[in-house]
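Number of protein chains: 2
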Amino acid sequence: MRVVTLAEIREVLPTIDILPAIEDAFVRYSAGDAVVPPIGELMLEKGEVHIKYGYMRGEPYYVIKIASGFYGNPKIGLPSGDGMMLLFKQETGEPVSVLVDEAYLTDVRTAAAGAVAAKHLAPRHVKRIGIVGAGTQGRLQLEYLSTITQCRDVLVWGRDDELPAYCQDMEGKGFAVEGTTDAEEILRTCNLAVTATPSDTPLLHVSDLRPGTHITAVGSDTPHKQEVDAQILSRADVVVADSIPQCLLRGEIFQALTAGAISQEKVVELGNVIAGHATGRTSDDQITIADLTGVAVQDMAISAAVFEALS
Amino acid sequence: MRVVTLAEIREVLPTIDILPAIEDAFVRYSAGDAVVPPIGELMLEKGEVHIKYGYMRGEPYYVIKIASGFYGNPKIGLPSGDGMMLLFKQETGEPVSVLVDEAYLTDVRTAAAGAVAAKHLAPRHVKRIGIVGAGTQGRLQLEYLSTITQCRDVLVWGRDDELPAYCQDMEGKGFAVEGTTDAEEILRTCNLAVTATPSDTPLLHVSDLRPGTHITAVGSDTPHKQEVDAQILSRADVVVADSIPQCLLRGEIFQALTAGAISQEKVVELGNVIAGHATGRTSDDQITIADLTGVAVQDMAISAAVFEALS
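Chains as they are written, first to last, in the working numbering: chain A, 73 to 383; chain B, 73 to 383.
These are computed hints drawn from the structure, not numbers from a lab. Any given hint might turn out to be false.
No distinction is drawn between identical chains; accordingly, a pair holds when it is met within one copy or between any pair of copies.
To be verified - With a straight-line Cα cutoff of 30 Å, these simulated DSS-like cross-link-like pairs (lysine-lysine) come out:
#: 1; residue 1: K161; residue 2: K147
#: 2; residue 1: K161; residue 2: K297
#: 3; residue 1: K297; residue 2: K338
#: 4; residue 1: K338; residue 2: K191
#: 5; residue 1: K161; residue 2: K118
#: 6; residue 1: K297; residue 2: K199
#: 7; residue 1: K191; residue 2: K118
#: 8; residue 1: K199; residue 2: K338
Throw the hints in and build the complete structure from the sequences for me.
And the structure:
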């Protein structure tokens, strides 16, 4: 069994074309080629742990991903997220590799999924990108979006103390970034918005929503978290889930269903939109929203790609 | 994060007094001190994977245990079981150790639990030990029973091709072992019986059951497996589960409940019997049965003990 360190993962990752791998994972998931049991969840006094696992039929490995969020960690100088991905042989159950990614691959596959969603759902001409959340995921989402849009004009919402570093970091990567502490500005000035916070109250409201907007919500991955007003999903022309079964239990779609703002029939699956089996955006004036709760197939795709690139 | 090999685990294990640790784990589990979510299960074409996880309140770690059974493996020269135990800090989620035990610690904690069950439930004078299943677990159960009974007279049931090696191995450890391919002999001649097979049809039948017998069933850990006739549980004076919630979903008790042979009220929990909060055997003539489906607290106890002994 090979133990792979974060340093090795960071080194090999730029050699991997991750977007097509994630697209393919979503398509095969929606086509029923993946076995993905319900997420395992462990709640602790100071944090939570998710266990996502499964396999793609016909592939060599099954994958178990462990990801933790301990939101008090930064106060003691530790990142809030941690974890690892484990690969085992589908033929025999033998452990193949432990990727000790410290949650980095989860961050990357989440950002890559955001780019995939925007690629297939954003209006053709992205005028301004709005990023809600000035943390690690807010940075990575923007980085990966740069591969699917020419737009470099960015408005970021965050806390006062986070914004200067975010703006500096992302300007260093070729973006023109303005910061705001007023979340209303996002939907008023941007036509591609990404939410990437652990918020449990909506940050984006339907009153600010304009035609021709796409929103990707990646922060809400539990039944409690919510970043987007349920009325936005009601108003949207297209509501996309990364996994319909999972979005019935957690995330923005779960919130909107619970609030009675949408019915389940309105929800289509990202893999089916990519494959052309479901209708995504059909005009630049439409409002679209993608709710990404994180599916084990993304973990399978990225961990197998990393391991194979190292082999 | 420390990666611990099987060789290191085998070396340190004899220095650990594992029975009291397992007893304590059951007591605290029954007292409600443990958080043990439902078992994660992944079914593959050639095998199955169980993910058991949880934590004991007030302890330093939470534990995730991955155990696989690929029953065709021996045909290609591999053991059927494999897996690892992962320790993380309850305070921060940081990974502490990967114990790459290749399922060995699962074998050991299962055998230790068998000894704990027999210690608290077997009749005072064990005349003959019956072991059903001449594999690894059948060996380990007998080894650990030697710490709680003076009896060294053993009858083992197994396949013709397994018995000579089993008898030789266990005679080397000080037992007088006779082999049989007739499972009926077990309950007819032994008053302490342990079943340790992956059978999905009963091997022990009520027609052979005599007063003053204790049976520990450790093989059935899924809804499909069954080693013991449901009528044995009906006839028994005491029916003990390692975990009542888990035994409602899998194992011998699940089978007996499904068959209508017993009612849920009859079942008591091993930790409560150990602690004296539930009534176990009250006379040597009674019939008792313990159904051990394997609880994550055993994995927590043994992995923490091993890691601490190595630290």
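### Message
With identical chains, the pair K199 and K338 could be close in the same copy or across copies; at 30 Å between alpha carbons, which is it: within, between, both, or neither?
### Response
within (27 Å within a copy, 68 Å between copies)
### Task
Using 30 Å as the alpha carbon limit, work out where K191 and K118 are close: within a copy, between copies, both or neither.
neither (37 Å within a copy, 38 Å between copies)
### Query
When no copy is named, should K161 and K147 be tagged within, between, both, or neither for a Cα gap of at most 30 Å?
between (39 Å within a copy, 16 Å between copies)
### Query
For K161 vs K297, is the C-alpha pair at or below 30 Å within one copy, between two copies, both, or neither?
between (35 Å within a copy, 24 Å between copies)
### Task
Could you place K161 and K118 in one of the four classes (within, between, both, neither) given a Cα distance threshold of 30 Å?
Between copies, since 11 Å is at most 30 Å while 34 Å is not.
### Message
At most 30 Å between CA atoms: does that hold for K297 and K199 within a copy, between copies, both, or neither?
### Response
For K297 and K199, only the intra-copy Cα distance (29 Å) is at most 30 Å; the inter-copy one is 60 Å.
### Query
Taking 30 Å as the upper bound on the Cα-Cα distance, should K338 and K191 be classified as within, between, both, or neither?
For K338 and K191, the Cα distance is within 30 Å only inside one copy (21 Å; across copies 59 Å).
#### Entry: Within, between, both or neither, where K297 and K338 count as close if Cα-Cα is 30 Å or less
within (21 Å within a copy, 42 Å between copies)
The structure is inconsistent with hint 7 alone, although it conforms to all the rest.
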